[in-house]
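For what it's worth, this note's numbering labels the leading residue of the sequence shown as 11, then goes sequentially.
Don't take each hint at face value.
Now the in silico label distances, taken between C-beta atoms and shown as ranges [what the hints assert, rightly or not]:
| hint | residue 1 | residue 2 | range |
| --- | --- | --- | --- |
| 1 | A110 | I61 | 42 to 50 angstroms |
| 2 | P89 | I243 | 27 to 35 angstroms |
| 3 | L70 | E35 | 24 to 32 angstroms |
| 4 | P89 | G57 | 41 to 49 angstroms |
| 5 | I61 | L212 | 49 to 57 angstroms |
| 6 | P186 | L100 | 18 to 26 angstroms |
| 7 | V99 | G57 | 56 to 64 angstroms |
| 8 | I60 | L100 | 48 to 56 angstroms |
| 9 | F46 | V185 | 38 to 46 angstroms |
| 10 | L66 | P89 | 29 to 37 angstroms |
| 11 | V224 | V118 | 21 to 29 angstroms |
Don't read these hints as lab results, they were simulated from the structure.
We treat Cβ as the ideally placed atom computed from N, Cα and C, and that holds for glycine.
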Amino acid sequence: MVAITTRPTVILPALNLVLFFAVWEYVGRQIDPILFSPPSRVIRVFGELIISGELLRATLVTVGTLAVGYGLSVAVGIPVGVLLGRQAVLGRVVNPYLDAIYATPRVVIVPLMILWFGVGFTGRLFLIFLGTVIPIIVSTAVGVRDARPDLIEVAQSFGALGFHVVRHVQLPAAVPFVASGLRIGAERAVVGVVVGEIFLELTGLGGLIQLNAVRFNTAEVLCSVVVIAVIGIVFIGLLDALERRVSPWREAT
Numbered sequence: 011m012v013a014i015t016t017r018p019t020v021i022l023p024a025l026n027l028v029l030f031f032a033v034w035e036y037v038g039r040q041i042d043p044i045l046f047s048p049p050s051r052v053i054r055v056f057g058e059l060i061i062s063g064e065l066l067r068a069t070l071v072t073v074g075t076l077a078v079g080y081g082l083s084v085a086v087g088i089p090v091g092v093l094l095g096r097q098a099v100l101g102r103v104v105n106p107y108l109d110a111i112y113a114t115p116r117v118v119i120v121p122l123m124i125l126w127f128g129v130g131f132t133g134r135l136f137l138i139f140l141g142t143v144i145p146i147i148v149s150t151a152v153g154v155r156d157a158r159p160d161l162i163e164v165a166q167s168f169g170a171l172g173f174h175v176v177r178h179v180q181l182p183a184a185v186p187f188v189a190s191g192l193r194i195g196a197e198r199a200v201v202g203v204v205v206g207e208i209f210l211e212l213t214g215l216g217g218l219i220q221l222n223a224v225r226f227n228t229a230e231v232l233c234s235v236v237v238i239a240v241i242g243i244v245f246i247g248l249l250d251a252l253e254r255r256v257s258p259w260r261e262a263t
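Full structure from sequences and hints, please.
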């Protein structure tokens with residue numbers, strides 16, 4: 011029974027993938043190579059970029075910047091979110107500013123990044139941070155406020171105050187909300203790192219995309235795009251695994 015029920019979950023995605031590459035190959039062969047490339051050429055170019063080391067170097071730069079920017083966003087976003095969740099008045103004061111920053115496209119603040127930080131690592135890092143930290147703050151604050159009042163009262167009746175209430179009641183209740191914020195933040199972090207590499211400093215995978223785009227090297231551009239997509243998928247997968255690790259009770263429900 012297990013084999014029968016799990017077989018479609020393996021066969022259907024495999025068939026979908028085969029169909030996708032078949033259509034891509036067919037369409038790619040009908041279009042000018044300057045505009046589009048079939049997967050056969052992309053795979054060949056991918057191998058060449060791996061052998062030359064160019065793709066690996068660019069990937070390491072992108073992943074390194076992404077890790078630092080995202081880590082900084084988490085380190086700031088969760089504590090600030092807890093503070094805003096526990097202090098309702100402060101939350102109402104700060105939320106309009108958070109909404110305004112979140113709604114502003116990051117591309118339009120690139121000139122400010124150049125003026126403030128120049129074209130370099132600091133500007134790219136701040137661009138990631140600015141786009142990533144807001145959803146983490148907001149989701150954490152909502153989760154903390156969503157904690158059941160009766161559980162907080164029970165904890166306080168046993169002498170739990172301040173940090174202990176946050177640690178044992180509010181943060182566990184906020185896990186689904188924090189996880190949602192982390193996912194949204196991860197998606198925005200990947201976008202932010204690429205935007206920074208294209209507009210602030212031609213480096214990493216974003217820089218590789220820009221340099222190859224102006225040379226009409228479509229296959230090379232698609233190689234970088236595929237690697238960025240894989241980074242995003244792996245990133246989200248790691249966050250899902252972390253959520254299951256810190257909240258195993260949700261799997262049981």
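> Failing hints, ascending?
Replying inline: Failing hint: just 5.
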